[in-house]
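Engineer: Chain A is already provided as a structure; the job is to place chain B on it using the hints.
As you go down the protein sequences, you meet chains A and B in turn. Residue numbering for the first sequence follows my numbering, starting at 1 and increasing by one per position. Residue numbering for the second sequence follows my numbering, starting at 1001 and increasing by one per position.
There may be inaccurate statements among the hints.
[As the list claims (entries may be wrong)] Cβ pair distances, simulated, as ranges:
1) B:Pro-1137 <-> A:Thr-458: 18 to 24 Å
2) A:Gly-18 <-> B:Arg-1008: 24 to 30 Å
3) B:Pro-1120 <-> A:Thr-458: 36 to 42 Å
4) B:Arg-1006 <-> A:Ile-524: 15 to 21 Å
If you're looking for bench data, these hints aren't it; they were derived computationally from the structure. For every residue, glycine included, the Cβ atom is placed at its ideal position computed from N, Cα and C.
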Amino acid sequence: MAHADTHDHHDHKPTGIGRWLFATNHKDIGTMYMVFALVMFFIGGAMALGIRAELFKPGMQFFDPGFYNSLVTSHALVMIFGAVMPAFVGLANWMIPLQIGAPDMALPRMNNYSFWILPFAFTLLLSSFFTAGGGPAGGWTLYPPLSLQAGDSFPLTIFAIHMMGASSIMGAINVIVTILNMRAPGMSLLKLPLFCWTWLITAYLLIAVMPVLAGAVTMLLTDHYFGTSFFNPAGGGDPVMFQHIFWFFGHPEVYILILPAFGIVSEIIPTFSRKPLFGYDAMVYATASIAFLSFIVWAHHMFTVGMPLSGQMFFMMSTMLIAVPTGVKVFNWTTTMWKGSLSFEPPMLFALAFLFLFTIGGFSGLMLAIAPADFQYQDTYFVVAHFHYVLVPGAVFAIMAGVYYWLPKWTGHMYSMSLAKWHFWVSTVSVNVLFFPQHFLGLAGMPRRIPDYSTQFTDWNMVSSVGGFVFGFSQLLFVAVIWQSARGGAKASDKVWEGTDPAGLEWTLPSPAPYHSFETAPEIH
Amino acid sequence: MSGPRRHRPLIGRLLLFTAGSFAFGFALVPLYSVLCKVWDTGNRWYGTQTAQAAVIERPDADRVVTIEFIASIPHAGDWEFAPHATSMQVHPGKLYEATFHARNLTAAAVVAQAVPSIAPSSVARYFKKTECFCFKPQNFTAGESREMPIRFIVDPALPPDVDRITLSYSFFDLPQSAAAGR
Chain A
1 MAHADTHDHH DHKPTGIGRW LFATNHKDIG TMYMVFALVM FFIGGAMALG IRAELFKPGM
61 QFFDPGFYNS LVTSHALVMI FGAVMPAFVG LANWMIPLQI GAPDMALPRM NNYSFWILPF
121 AFTLLLSSFF TAGGGPAGGW TLYPPLSLQA GDSFPLTIFA IHMMGASSIM GAINVIVTIL
181 NMRAPGMSLL KLPLFCWTWL ITAYLLIAVM PVLAGAVTML LTDHYFGTSF FNPAGGGDPV
241 MFQHIFWFFG HPEVYILILP AFGIVSEIIP TFSRKPLFGY DAMVYATASI AFLSFIVWAH
301 HMFTVGMPLS GQMFFMMSTM LIAVPTGVKV FNWTTTMWKG SLSFEPPMLF ALAFLFLFTI
361 GGFSGLMLAI APADFQYQDT YFVVAHFHYV LVPGAVFAIM AGVYYWLPKW TGHMYSMSLA
421 KWHFWVSTVS VNVLFFPQHF LGLAGMPRRI PDYSTQFTDW NMVSSVGGFV FGFSQLLFVA
481 VIWQSARGGA KASDKVWEGT DPAGLEWTLP SPAPYHSFET APEIH
Chain B
1001 MSGPRRHRPL IGRLLLFTAG SFAFGFALVP LYSVLCKVWD TGNRWYGTQT AQAAVIERPD
1061 ADRVVTIEFI ASIPHAGDWE FAPHATSMQV HPGKLYEATF HARNLTAAAV VAQAVPSIAP
1121 SSVARYFKKT ECFCFKPQNF TAGESREMPI RFIVDPALPP DVDRITLSYS FFDLPQSAAA
1181 GR
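So that you can see chain A by itself, here it is in the shape it has in the complex:
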């Protein structure tokens, strides 16, 4: 080791388990976040396959309804807080310092805490499956009074959510401080790469709404154990108020899950179109507008709870207004490709699938935004189809696009393009087989969150389940590609994507990016 120490001083890494337990390096922490997210993606995915297996045909096949309900609830919590959010934080850790020319994140030790809280939070959440009464089964939205009737899983779920919130808030503060204070000289805010911009706005959303969720679940906790009556009508409370507070968090949360995806796609499409991004400033302002609007649309999740007509009108209109900045983004991506010299490497394929399929999810969102129509769609599989379209071929595909885009920069090795393309085609076909029929089921009236259904829904449920199993197992290809690239392969150049001109400081570094990078800040002109 002495040999390595003297000759490889700049790339000196701590060794053994301590490198990971006491990690303060943004690249190590980024890797841990992403590996954690991948593990959670498979745990949440296994739950989803359990759900799809139960729904393959009508009647009860494998689980009792209580366990089915805890699968549904935990699948959501694991995928949102365990897979998608940590994956984005992992990408932020890896890429933000490289994109702004900073040596590391601003607060490396807090970075370590915010990661290491997560395994404990999810151990707590998943261990609740072994308590009396089973796992949390009242839906991830935790509506009282149902959520208050849970067994011993209730406090475990609440504390797990508190810990996830603390982790996200620390991660968000780190991102904001890094971006605002550590940009390379000459990098003004309007020269910031879009991935950094979308993450900066996401981080502000996080510190604005995660504490509200913490407050809401704290109220549930005191209602359950200390006799307060925030949501208990007997003591003058109102369960509908929980829904308002929850969705005041919940709607910005859905943009937390999608804005960084917008950033990733805005990096990838220009590279493989060989043109600069169309309308950079418009993209920044559109992102900010979406973030602002996300605070004033929450009640569209609850049109049916009883609301004055004026309230329904307001929330319907403000929700539809979001289609304007989102449309600006979709048109700008499309215009970036217009007359570009396109090539279809795996990151570009995933970015294009994102563009098409996210837009389908956006359109079904507009249908749901129409208050009078929503009374028909509320709590049906149409809603399930809608949010899975924006989250799976939306957020998850964007994360995969980002991984395929930057993976050679991380590992220094190109991966198998053909295996990655197989992953893409199998995933894209199966994800549509999985979720598109759920639109039909919902419009035909199949309610969500049920383990059994009436026989006329059988055919499309079978199709959906087949798609689900193909999609689930095809993700093993993703693991295979990452594993191969981590183990070896053709050497990646600094620029990685030959024949393109990718924008961003990360491409000025060697591949793999050295353990310590930008110790002297680059000059931006």
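Structural biologist: Relative to chain A, chain B alone:
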């Protein structure tokens, strides 16, 4: 300044922002009440849980409105709770009385609170109660059974398109702490 020290002012502001968000979550509780009042959602605010001041009877004999009564027990099993008549025909502007029957099925003394709700909620303000068992917690000894009255008058200003009002009561066991707080 260099190193983490130069980040301190910004971190301080962001932590303050976070604390503010947490406080805002709790501020939504009173804000919700205010908005319900402003937005006129009816139910909670137009005297459904407090007695009206003395009302003057001005019966409108030409008009008949059906009042329906619904009783429900959110925590099933511990109570017998039902209206004596499930509906009655009334003239707006005239004072009526209806009774609900309740029996404590447990072997212990229990305090109960009835929480009313009126449908359609927009007419709650025209449904005025001068006396109601929902105005205060009801004490029941073990196995006690009781008839509980409600006295009400429908405001003659009730919009002409309304010919049916549903009055629903949910009968809750009141937690001891909440009973003490009321």
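Engineer: 18 to 24 Å was suggested as the range; check whether the CB atoms of B:Pro-1137 and A:Thr-458 agree with it.
Structural biologist: For B:Pro-1137 and A:Thr-458 the Cβ distance comes to about 51 Å; the hint is violated.
Engineer: Check the following: the C-beta atoms of A:Gly-18 and B:Arg-1008 are separated by a distance inside 24 to 30 Å.
Structural biologist: 28 Å, holds
Engineer: Note whether the CB distance of B:Pro-1120 and A:Thr-458 lies within 36 to 42 Å or breaks it.
Structural biologist: At roughly 39 Å between Cβ atoms, A:Thr-458 and B:Pro-1120 fall inside 36 to 42 Å, so the hint holds.
Engineer: B:Arg-1006 and A:Ile-524, beta-carbon distance inside 15 to 21 Å?
Structural biologist: At roughly 20 Å between Cβ atoms, A:Ile-524 and B:Arg-1006 fall inside 15 to 21 Å, so the hint holds.
Violated hint for the displayed structure: number 1, the only one.
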